[in-house]
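So the chains spell out like this:
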Amino acid sequence: MTEEINELIKNEYEAGFVTDVESETLPPGLNEDVIRFISSKKNEPEWLLEWRLKAFHVWKEMDEPTWAHVQYPEINFQDVSYYSAPKSMDDRPKSLDEVDPELLKTYEKLGIPLHEQAALAGVAVDVVFDSVSVVTTFREKLKEAGVIFMPISEAVHEHPDLVKKYLGSVVPQKDNYYAALNCAVFSDGSFVYIPKGVRCPMELSTYFRINEQSTGQFERTLIIAEEGSHVSYLEGCTAPMRDENQLHAAVVELVALDNAEIKYSTVQNWYPGDAEGKGGIYNFVTKRGVCHTNAKISWTQVETGSAVTWKYPSCILKGDNSVGEFYSVALTNNFQQADTGTKMIHLGKNTKSTIITKGISAGKSQNAYRGLVRMNPGAEGARNYTQCDSLLIGDKCGAHTFPYIESKHPSAVIEHEATTSKVSDDQLFLCQQRGIDVEKAVSMIVNGFCKEVFKELPMEFAVEAGKLLEVSLEGSVG
Amino acid sequence: MLSIKNLQAKVEEKDIIKGLNLNIKPGEVHAIMGPNGAGKSTLGNVLSGREGYEVTGGSVEFLGKDLLDFEPEERAREGLFLAFQYPVEIPGVSNLEFLKASVDAVREHRGQDPLDSVSFLKLAREKCKAVNLDQNFLKRGVNEGFSGGEKKRNEIMQMMLLEPSLCILDETDSGLDIDALQVVADGVNSQRSVDRSFIVVTHYQRLLDYIVPDYVHVLANGRIVKSGGKELALELEEKGYSWIDEEVV
Ligand SMILES: Nc1ncnc2c1ncn2[C@@H]1O[C@H](COP(=O)(O)OP(=O)(O)OP(=O)(O)O)[C@@H](O)[C@H]1O
Ligand SMILES: [Mg+2]
Chain B
1 MTEEINELIK
11 NEYEAGFVTD
21 VESETLPPGL
31 NEDVIRFISS
41 KKNEPEWLLE
51 WRLKAFHVWK
61 EMDEPTWAHV
71 QYPEINFQDV
81 SYYSAPKSMD
91 DRPKSLDEVD
101 PELLKTYEKL
111 GIPLHEQAAL
121 AGVAVDVVFD
131 SVSVVTTFRE
141 KLKEAGVIFM
151 PISEAVHEHP
161 DLVKKYLGSV
171 VPQKDNYYAA
181 LNCAVFSDGS
191 FVYIPKGVRC
201 PMELSTYFRI
211 NEQSTGQFER
221 TLIIAEEGSH
231 VSYLEGCTAP
241 MRDENQLHAA
251 VVELVALDNA
261 EIKYSTVQNW
271 YPGDAEGKGG
281 IYNFVTKRGV
291 CHTNAKISWT
301 QVETGSAVTW
311 KYPSCILKGD
321 NSVGEFYSVA
331 LTNNFQQADT
341 GTKMIHLGKN
351 TKSTIITKGI
361 SAGKSQNAYR
371 GLVRMNPGAE
381 GARNYTQCDS
391 LLIGDKCGAH
401 TFPYIESKHP
411 SAVIEHEATT
421 SKVSDDQLFL
431 CQQRGIDVEK
441 AVSMIVNGFC
451 KEVFKELPME
461 FAVEAGKLLE
471 VSLEGSVG
Chain L
479 MLSIKNLQAK
489 VEEKDIIKGL
499 NLNIKPGEVH
509 AIMGPNGAGK
519 STLGNVLSGR
529 EGYEVTGGSV
539 EFLGKDLLDF
549 EPEERAREGL
559 FLAFQYPVEI
569 PGVSNLEFLK
579 ASVDAVREHR
589 GQDPLDSVSF
599 LKLAREKCKA
609 VNLDQNFLKR
619 GVNEGFSGGE
629 KKRNEIMQMM
639 LLEPSLCILD
649 ETDSGLDIDA
659 LQVVADGVNS
669 QRSVDRSFIV
679 VTHYQRLLDY
689 IVPDYVHVLA
699 NGRIVKSGGK
709 ELALELEEKG
719 YSWIDEEVV
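So the protein sequences, as listed, match chains B and L.
Using the working numbering, the letters of the first sequence correspond one by one to residues 1 to 478.
Using the working numbering, the letters of the second sequence correspond one by one to residues 479 to 727.
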């Protein structure tokens with residue numbers, strides 16, 4: 001049976017192709033001049049350049065973290081190119097019709113027919129192609145509601161006060177090595193602002209894509225939900241096949257002011273590397289949100305891609321009665337390595353957090369959950385419930401759980417449950433005996449295992465997520 | 479329907495089936511009895527193509543085809559059904575979803591269109607009722623937390639949905655209370671037809687009062703050592719297996 005599974009997980013990565021779009025790429029290397037170049041390319045104000053340079057100096061003094069349960073060859077950050085933009089950037093398209101057909105074809109290959117998707121699902125799509133946003137739709141409709149949804153590079157010019165106030169307010173420059181790097185060289189990303197009391201009329205969605213050889217991707221996303229507002233944000237990515245490892249170090253900051261709610265969903269399908277463990281994306285992400293009084297932040301992630309994943313979407317439960325949630329599916333196969341989890345920092349009274357994670361390991365992959373639940377001295381009556389489940393497929397993979405619990409308030413309640421199970425030969429044989437082939441059986445079992453998390457995904461995204469998982473299961477698990 | 483000639487098979491390097499012959503015609507019900515460890519379940523596993531059960535000799539013809547050529551799922555789609563002695567749980571996968579995938583696979587193989595969800599649900603509910611299982615069982619995980627008897631009835635329900643040509647029931651009666659035994663037997667009897675055959679593995683003559691077999695075989699030490707009509711079961715009930723061993727020797 002193991003043999004058969006090994007066969008199945010050898011299938012090719014479906015999104016493996018490179019689009020031929022001429023792009024303007026900076027030669028590899030990182031120094032002050034590079035940062036000045038990036039900043040001037042974007043006509044950034046002086047304060048932002050200064051901010052970047054400060055981060056650069058902070059970063060230079062830091063060391064790459066080594067505590068994660070992942071192994072990869074040392075990255076030479078001077079070999080990375082820190083800027084690339086599609087040529088068509090200069091005369092930016094006003095509508096989809098004006099978009100470079102090559103780009104659109106790329107999305108179609110990925111099964112994302114943009115026109116249809118935007119129209120049918122009522123989703124506003126801020127597409128990031130490499131480092132620059134090239135298409136933004138539905139902006140008008142959002143405008144009516146007062147919602148701002150635009151590339152952060154534009155927000156810097158159009159809403160400088162907001163950007164200045166909140167950029168780096170949740171993830172400070174010196175937070176960690178990759179975050180500091182991102183601050184110095186961030187390319188582009190999304191900016192979202194939901195005014196007081198507004199319920200965002202549609203799901204906000206961004207597709208990310210890496211397309212340039214050895215181009216680092218440094219997304220920067222900032223979402224601000226004013227008092228009593230509500231927004232659901234969807235992030236999905238997939239990358240073309242290549243041999244060289246690519247660095248990805250994104251930063252996402254969420255601010256949920258009093259009584260606000262932010263739901264942030266991710267489906268991540270970066271190129272995982274081939275069956276021999278060659279290539280693949282290195283994904284070092286810092287995602288964090290801060291919840292003010294009665295606010296709620298909910299992270300849902302489906303992680304199927306990348307060679308190395310280092311990612312801990314976290315919540316700082318600052319305000320009383322605030323709520324943090326983390327729902328995660330992380331699937332690894334072949335030689336993929338994932339070290340992912342969350343941090344729930346309880347500061348306010350009666351704060352509540354829920355962590356549900358599903359780790360699936362196949363092939364020779366390593367899958368680790370790492371989670372911190374901290375109850376600070378002020379966290380009276382705070383509660384956490386954590387459930388970590390691991391599923392092993394085959395016998396050459398590994399699942400690991402590293403829960404860290406720190407409780408500094410006697411009334412805080414922390415519950416932790418963990419299980420490890422295996423897709424057994426008996427289960428697969430039962431399926432086969434009922435006419436179901438192994439590939440379908442594994443997919444059914446894995447989907448069943450993830451059900452609790454999938455139901456947290458917004459409807460509009462479920463189809464896409466299902467498709468991406470299907471690709472991973474087809475190609476990676478069977 | 480099924481023709482087994484001098485079948486030999488081993489598990490984990492140990493010979494378990496040692497020259498077994500069996501012929502089953504369409505519509506017949508064959509009961510197989512025999513001591514623990516004789517190889518009854520192994521026979522079911524070998525016929526359904528389970529990995530790890532290696533055929534070392536002999537042949538098996540099923541509906542005119544060489545059964546041993548096929549993958550387990552192909553055998554199932556061709557109409558071979560095994561009701562497990564110990565049905566395994568698949569947590570998280572709903573019974574309904576599992577059954578739909580199963581029926582779809584078999585229908586596709588037969589060149590039929592898949593049933594739409596509504597018709598399928600209707601059909602599944604009907605079959606649930608036939609084996610006296612509450613409809614809630616369709617929503618629950620496959621065998622997840624089912625009692626022993628519920629698992630067995632779930633197996634029979636699957637058999638009814640799939641409409642196989644050959645059904646191997648491996649101790650489907652064990653662990654059933656009297657009422658459930660009746661339900662299962664009724665289920666099986668309702669499926670009896672001129673083009674469907676059964677192999678009923680059991681330790682208890684009682685089941686054969688309900689499902690009356692055309693033939694009874696004794697499987698011991700990897701072979702069929704004695705065959706007879708339904709009265710053989712009564713004889714076994716009375717005398718046990720030791721007299722056969724002597725007879726054979
Ligand atoms: N997967 C296996 N690994 C090792 N030994 C096995 C395996 N399957 C069967 N056997 C051995 O083969 C022999 C026959 O087992 P089998 O389950 O077929 O007996 P059975 O006739 O069904 O017995 P029972 O009446 O107890 O169900 C036993 O000695 C058993 O231990
Ligand atoms: Mg048995």
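Hints were generated in silico from the structure; no laboratory data involved.
Check each hint, because a few of them may be wrong.
[As the list claims (entries may be wrong)] In silico EDC-like pairs for lysine to aspartate or glutamate, Cα to Cα no more than 16 Å straight-line:
{"#": "1", "chain 1": "B", "residue 1": "K343", "chain 2": "B", "residue 2": "E406"}
{"#": "2", "chain 1": "B", "residue 1": "K440", "chain 2": "L", "residue 2": "E532"}
{"#": "3", "chain 1": "B", "residue 1": "K343", "chain 2": "B", "residue 2": "D175"}
{"#": "4", "chain 1": "B", "residue 1": "K165", "chain 2": "B", "residue 2": "E226"}
{"#": "5", "chain 1": "B", "residue 1": "K440", "chain 2": "L", "residue 2": "E575"}
{"#": "6", "chain 1": "B", "residue 1": "K364", "chain 2": "B", "residue 2": "E406"}
{"#": "7", "chain 1": "B", "residue 1": "K451", "chain 2": "L", "residue 2": "E575"}
{"#": "8", "chain 1": "B", "residue 1": "K422", "chain 2": "L", "residue 2": "E567"}
{"#": "9", "chain 1": "B", "residue 1": "K349", "chain 2": "B", "residue 2": "E380"}
{"#": "10", "chain 1": "B", "residue 1": "K440", "chain 2": "L", "residue 2": "D655"}
{"#": "11", "chain 1": "B", "residue 1": "K164", "chain 2": "B", "residue 2": "E325"}
{"#": "12", "chain 1": "B", "residue 1": "K364", "chain 2": "B", "residue 2": "E276"}
{"#": "13", "chain 1": "B", "residue 1": "K54", "chain 2": "B", "residue 2": "D33"}
{"#": "14", "chain 1": "B", "residue 1": "K352", "chain 2": "B", "residue 2": "E406"}
{"#": "15", "chain 1": "B", "residue 1": "K343", "chain 2": "L", "residue 2": "E552"}
{"#": "16", "chain 1": "L", "residue 1": "K617", "chain 2": "B", "residue 2": "D33"}
{"#": "17", "chain 1": "L", "residue 1": "K629", "chain 2": "L", "residue 2": "D655"}
{"#": "18", "chain 1": "L", "residue 1": "K629", "chain 2": "B", "residue 2": "E452"}
{"#": "19", "chain 1": "B", "residue 1": "K440", "chain 2": "L", "residue 2": "E491"}
[As the list claims (entries may be wrong)] DEER-style ranges, computed between Cβ atoms:
{"#": "20", "chain 1": "B", "residue 1": "D395", "chain 2": "L", "residue 2": "G626", "range": "53 to 59 Å"}
{"#": "21", "chain 1": "L", "residue 1": "D673", "chain 2": "B", "residue 2": "D395", "range": "28 to 34 Å"}
{"#": "22", "chain 1": "B", "residue 1": "T66", "chain 2": "L", "residue 2": "G515", "range": "37 to 43 Å"}
{"#": "23", "chain 1": "B", "residue 1": "E64", "chain 2": "L", "residue 2": "S597", "range": "55 to 61 Å"}
{"#": "24", "chain 1": "B", "residue 1": "K278", "chain 2": "L", "residue 2": "G626", "range": "48 to 54 Å"}
{"#": "25", "chain 1": "L", "residue 1": "H681", "chain 2": "B", "residue 2": "T419", "range": "46 to 52 Å"}
{"#": "26", "chain 1": "L", "residue 1": "V596", "chain 2": "B", "residue 2": "D79", "range": "45 to 51 Å"}
From the three backbone atoms N, C-alpha and C, an ideal C-beta is built for every residue, glycine too.
| field | Structure-inconsistent hints, enumerated in ascending order | value | Structure breaks hints 2, 6, 10, 11, 15, 16, 18, 19, 20, 21, 22, 25 and 26.
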